[in-house]
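A.B. asks: Top to bottom, those sequences are chains U and X.
Using this note's numbering, read the first sequence as starting at 1 and increasing by one per residue.
Using this note's numbering, read the second sequence as starting at 1 and increasing by one per residue.
Everything labelled a hint here was simulated from the structure, so no lab data went into it.
These numbers come from a predicted model, not from an experiment.
We treat Cβ as the ideally placed atom computed from N, Cα and C, and that holds for glycine.
Mixed in with the good hints there might be a few duds.
[Stated by the list, open to error] Label-pair distances were calculated between CB atoms; the ranges are:
id, chain 1, residue 1, chain 2, residue 2, range
1, U, Lys114, X, Ala307, 24 to 32 Å
2, U, Asp41, X, Ile327, 36 to 44 Å
3, U, Asp41, X, Ala340, 39 to 47 Å
4, U, Lys114, X, Thr174, 46 to 54 Å
5, U, Gly185, X, Ala340, 31 to 39 Å
6, U, Asp104, X, Met460, 22 to 30 Å
7, U, Asp41, X, Ser331, 52 to 60 Å
8, X, Lys193, U, Asn165, 39 to 47 Å
9, X, Met427, U, Thr111, 22 to 30 Å
10, X, Met457, U, Leu135, 45 to 53 Å
11, X, Ser453, U, Glu145, 49 to 57 Å
12, X, Cys244, U, Asn165, 32 to 40 Å
13, U, Leu164, X, Met443, 42 to 50 Å
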Amino acid sequence: MDASSSNFGAGSSSRSFSFKVVLLGEGCVGKTSVVLRYVEDRFNDKHVTTLQASFLQKRINIAGRRIQLAIWDTAGQERFHALGPIYYRDANGAILVYDITDKDSFEKVKTWVKELKKMLGNDICLSIAGNKTDLESQRTVSTEEAENYAALVGAKHYHTSAKLNHNIEELFLDLSERMVSISEGQQRKPTTRRNVVIVENSDASANVPETNKTGCCG
Amino acid sequence: MNYNTSSYNPSSSGRISRLISEQADLMCKNKCGHYGNKVQEGYCSVCYKIYKQQQQQQNSARYGPRDEAFGPDGESSQGVFGRSGFATLPKSARLSLDSLSPLTGSFSKFEEKKKQQTDRKTKSFRSVFRKSPTPSSPQPGKKSPEKGSKEASHRHGSDGGSSPQMSPRKVANTDKDQIRDEINTFLAQIPNKRIVSDVVSKVKQCEEVILELLRQEKGSIDEASDIVQDFYKNFQAKTEIVKCYQEISMEDKETLMNLIEKYLTISLYKEFFSPMSTATEDETQDLELQTRIRQLNWMTCKHLEVALNERDRSVRDLVYASINVIIGMDSVKPPQEKLACVTQCSHHIIEALGKSKQGPTAADDFLPTLIYIVIKANPTRLQSNINYITRFCNAACLMRGEAGYFFTNLCCAVSFIQNMKGESLGMPEEEFQDYMSGRSVPMESWENYFLESIHAMEEMSNVVSELELRQQEFLKNVEKFKENMKNKEDRVTEQVDKILKRTPLTFKPRKVPTNIDEEDPALNETSLPSPLKPEVVSIVGASAGNESSVTLPATAEVEREAPSKATQVIPTSSQLVNLTGNDSEEYKEGEEAEVFESISPSPQSESETDLQQERIEGVEKLKEKVSRQKNQASLIDEGSHRQENFDAVGTSSKSDQRGSENVEEGLVVPSKPKEKIKSVDNNDAMESSDLDP
Chain U
1 MDASSSNFGA GSSSRSFSFK VVLLGEGCVG KTSVVLRYVE DRFNDKHVTT
51 LQASFLQKRI NIAGRRIQLA IWDTAGQERF HALGPIYYRD ANGAILVYDI
101 TDKDSFEKVK TWVKELKKML GNDICLSIAG NKTDLESQRT VSTEEAENYA
151 ALVGAKHYHT SAKLNHNIEE LFLDLSERMV SISEGQQRKP TTRRNVVIVE
201 NSDASANVPE TNKTGCCG
Chain X
1 MNYNTSSYNP SSSGRISRLI SEQADLMCKN KCGHYGNKVQ EGYCSVCYKI
51 YKQQQQQQNS ARYGPRDEAF GPDGESSQGV FGRSGFATLP KSARLSLDSL
101 SPLTGSFSKF EEKKKQQTDR KTKSFRSVFR KSPTPSSPQP GKKSPEKGSK
151 EASHRHGSDG GSSPQMSPRK VANTDKDQIR DEINTFLAQI PNKRIVSDVV
201 SKVKQCEEVI LELLRQEKGS IDEASDIVQD FYKNFQAKTE IVKCYQEISM
251 EDKETLMNLI EKYLTISLYK EFFSPMSTAT EDETQDLELQ TRIRQLNWMT
301 CKHLEVALNE RDRSVRDLVY ASINVIIGMD SVKPPQEKLA CVTQCSHHII
351 EALGKSKQGP TAADDFLPTL IYIVIKANPT RLQSNINYIT RFCNAACLMR
401 GEAGYFFTNL CCAVSFIQNM KGESLGMPEE EFQDYMSGRS VPMESWENYF
451 LESIHAMEEM SNVVSELELR QQEFLKNVEK FKENMKNKED RVTEQVDKIL
501 KRTPLTFKPR KVPTNIDEED PALNETSLPS PLKPEVVSIV GASAGNESSV
551 TLPATAEVER EAPSKATQVI PTSSQLVNLT GNDSEEYKEG EEAEVFESIS
601 PSPQSESETD LQQERIEGVE KLKEKVSRQK NQASLIDEGS HRQENFDAVG
651 TSSKSDQRGS ENVEEGLVVP SKPKEKIKSV DNNDAMESSD LDP
């Protein structure tokens with residue numbers, strides 16, 4: 001999804017964006033809780049109306065810009081790690097969630113960051129969320145270490161608690177703002193069509209990006 | 001490659017395949033002097049047009065009314081789709097055209113498909129545009145005056161079977177007609193005709209550019225994909241920028257984009273789906289994936305930690321529903337519809353997961369389940385379908401929204417299946433290989449068989465319960481029928497009774513055949529006059545009348561004995577008649593007995609009516625005899641006189657006559673009720689037929 005395509009030629013005041021945000025994180029770090037808290041403001045609710053939390057959409061407004069967030073949950077199990085690139089292709093943003101009580105989950109975040117950087121470069125906005133701050137007493141990942149790492153890779157770090165609804169809103173809001181600014185910056189560049197390549201071995205067409213097509217319809 | 005800059009002229013006949021070397025091969029098959037074209041099956045454009053028209057006419061005898069707005073009127077600016085047969089395909093031509101569709105193909109049909117695709121090289125893609133149904137449509141060629149004769153000669157040529165590739169091949173298909181109708185209906189709503197003509201021309205242009213590209217040997221499917229994607233993107237941009245498009249709403253723009261995508265993909269489905277240029281690749285991939293999935297048949301929920309509770313019946317039903325939907329993906333054509341199948345399958349899975357565990361379903365649960373479903377379903381040509389969607393679905397749509405997400409998940413599932421190792425399932429590689437090669441079967445796989453058996457059992461129990469229902473229904477009907485029958489029976493009995501009451505069948509006490517030799521116990525012998533004994537008188541003709549006058553009162557006296565009397569008398573008289581010519585003295589008792597016997601053999605065994613009948617017959621016989629002897633006997637007159645007298649005696653025995661009449665009446669009477677019963681039966685039959693389930 002190319003955010004620029006949706007606001008092509010629209011008036012400057014009412015621009016609309018739609019962003020794809022992938023949600024990465026090991027199983028049991030609370031990815032689903034974070035996104036459900038954000039989209040539906042619910043936590044472990046028995047009356048959750050939506051059956052699924054794997055794909056959620058949310059519309060927000062930031063400074064007159066209409067933004068539609070499509071939040072893609074990903075399977076966090078180790079066995080599906082290799083599938084990551086398929087998920088986060090063409091993503092505008094990524095939220096990497098780890099459990100502050102689980103050192104391993106933080107290590108996992110690091111590997112994902114590496115992959116994302118490799119795949120999407122600096123076009124992608126990264127946010128790292130240390131979840132479960134309500135379990136502060138059991139913390140194993142030090143705040144300092146996490147924040148240092150986030151700064152190093154150019155990501156924003158948030159301490160969140162889906163249970164207490166702490167910092168969730170801020171996390172998404174900040175990410176959206178950064179995505180808007182990146183997208184607006186990109187617009188001045190000539191747009192290249194991103195080829196959708198789904199399976200790794202069929203990416204022949206991606207290697208031949210056709211740039212600057214003369215508009216046939218204009 | 002930009003389709004806008006292409007100077008493609010559809011009526012040019014000079015496009016010649018580089019493979020053709022001889023001059024003769026270059027000429028029109030019709031020998032009209034023009035150059036032929038390989039894609040036009042060796043005809044020049046003029047002859048080809050006529051040929052196509054004929055084909056079209058063969059396929060549909062008559063044509064439906066044309067849409068005026070999009071008709072083939074060359075002067076109309078909006079008539080482009082119509083000209084290309086966009087709006088005008090008759091309904092009658094839409095039947096049985098899908099035989100060429102590769103949809104039904106499984107792997108066993110690869111040969112067939114390949115052949116089709118090879119045929120594709122030789123047949124015109126634009127044939128769909130060539131079926132302008134009116135023969136009077138303007139011919140671009142200068143040879144139009146000779147059209148008639150050419151048509152005739154062409155028909156001869158084709159009938160002679162001179163060209164093997166001229167087998168009647170159907171070029172249109174129903175899906176395409178449907179989308180044509182759809183897009184025309186939609187365009188008809190748009191007030192601004194500039195939009196309509198623009199859409200029509202641009203779409204057509206894009207289609208032709210792609211066809212042109214694919215016709216070239218080097219044209220790869222990826223290039224086609226690029227063209228299509230660029231077209232989507234540019235057209236989308238155009239609808240946002242160009243002024244006349246501002247008139248239509250966002251929803252309409254979206255619908256228009258969808259329709260355009262649908263139209264392009266449907267009309268070029270054969271070229272786009274698992275195409276020839278990459279056919280080996282796509283098909284090989286399909287085969288590999290299918291074999292791979294087949295090898296993974298042993299996998300269970302446990303291996304992937306799928307949270308499905310397959311022991312729950314509703315969950316199982318949803319699992320099977322999702323399997324059906326994903327398998328159905330192969331049979332729809334537009335990428336959007338394929339995506340819709342994926343989405344629906346995913347929704348079934350999510351619902352099943354929702355029933356299996358608490359809380360909303362996240363990707364952690366969803367993806368393994370989808371993998372499991374894909375393994376269970378093993379959808380046909382999965383890789384081809386994925387490639388097709390990736391190439392020709394509007395990329396903006398594909399990456400946006402739920403459908404894109406689920407499609408991505410499907411791709412992940414396929415990728416996982418392809419790259420699965422023992423490690424991915426948390427088992428030693430050796431063990432994994434053993435399972436893959438079928439050398440051993442995992443312990444857990446019993447669950448697979450268990451679940452499959454359960455499913456089979458359920459299906460059977462469904463059948464059984466259905467049968468049971470039907471059985472119950474049947475039994476109920478039988479009961480009803482029985483009851484009805486009983487009612488009928490009662491009614492019939494009642495009616496019969498009524499009828500019988502109305503017309504009673506009363507049998508008069510049957511008369512005991514009287515043995516004349518026996519004494520009647522009711523009568524004292526004393527009270528009766530002694531039986532008359534025929535007096536043997538020496539009769540001579542004239543005295544016969546006297547004799548009868550003597551007998552007469554006697555019979556009247558003893559009424560009951562009349563039959564015997566009469567019979568007794570008859571022989572006597574007959575004898576007399578017989579003997580009239582002879583000496584009457586010769587009369588003997590023995591002869592009399594003999595004659596009597598022949599007339600009424602045994603009174604006991606015969607009913608009285610029979611007796612009566614016989615008696616009458618006897619009389620008749622006698623009459624005959626009498627008449628026969630007319631010539632001989634001179635005294636015939638007296639004999640006949642006597643006979644007449646005797647007849648009077650017969651009729652005078654009134655009690656006998658009445659008795660026999662009564663019997664006869666008794667026999668006749670029931671015949672009327674019988675008819676009534678019959679009609680009642682008919683009613684029964686009619687009513688009982690209602691009961692038939």
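A.B. asks: In this structure, is the beta-carbon distance linking Met427 (chain X) and Thr111 (chain U) contained in 22 to 30 Å?
C.D. replies: 23 Å, holds
A.B. asks: Could you see if the CB distance from Leu164 (chain U) to Met443 (chain X) stays within 42 to 50 Å?
C.D. replies: 44 Å, holds
A.B. asks: Holds or violated: 39 to 47 Å for the Cβ distance of Asp41 (chain U) and Ala340 (chain X)?
C.D. replies: 30 Å, violated
A.B. asks: Does 36 to 44 Å hold as the CB distance between Asp41 (chain U) and Ile327 (chain X), or does it fail?
C.D. replies: 39 Å, holds
A.B. asks: Quick one: are Met457 (chain X) and Leu135 (chain U) within 45 to 53 Å, going by C-beta?
C.D. replies: 47 Å, holds
A.B. asks: Measuring from beta carbon to beta carbon, are Cys244 (chain X) and Asn165 (chain U) in 32 to 40 Å?
C.D. replies: 49 Å, violated
A.B. asks: With 49 to 57 Å as the target window, see if Ser453 (chain X) and Glu145 (chain U) comply at their CB atoms.
C.D. replies: Holds, since Ser453 (chain X) and Glu145 (chain U) (Cβ atoms, about 54 Å apart) stay within the stated range.
A.B. asks: Could you say whether the range 39 to 47 Å given as a hint is met by the Cβ separation of Lys193 (chain X) and Asn165 (chain U)?
C.D. replies: 56 Å, violated
A.B. asks: Verify the CB-CB distance for Lys114 (chain U) and Thr174 (chain X) against the hinted window 46 to 54 Å.
C.D. replies: This hint holds: roughly 52 Å between Cβ atoms.
A.B. asks: Between the beta carbons of Asp41 (chain U) and Ser331 (chain X), is the distance compatible with 52 to 60 Å?
C.D. replies: 42 Å, violated
A.B. asks: Mind checking the hinted window 31 to 39 Å against the Cβ distance between Gly185 (chain U) and Ala340 (chain X)?
C.D. replies: Check passed, 36 Å falls within 31 to 39 Å.
A.B. asks: Taking 22 to 30 Å as the stated bounds, is the beta-carbon spacing between Asp104 (chain U) and Met460 (chain X) within them?
C.D. replies: Violated, since Asp104 (chain U) and Met460 (chain X) (Cβ atoms, about 49 Å apart) do not stay within the stated range.
Of the numbered hints listed earlier, those contradicted by the structure are 3, 6, 7, 8, 12.
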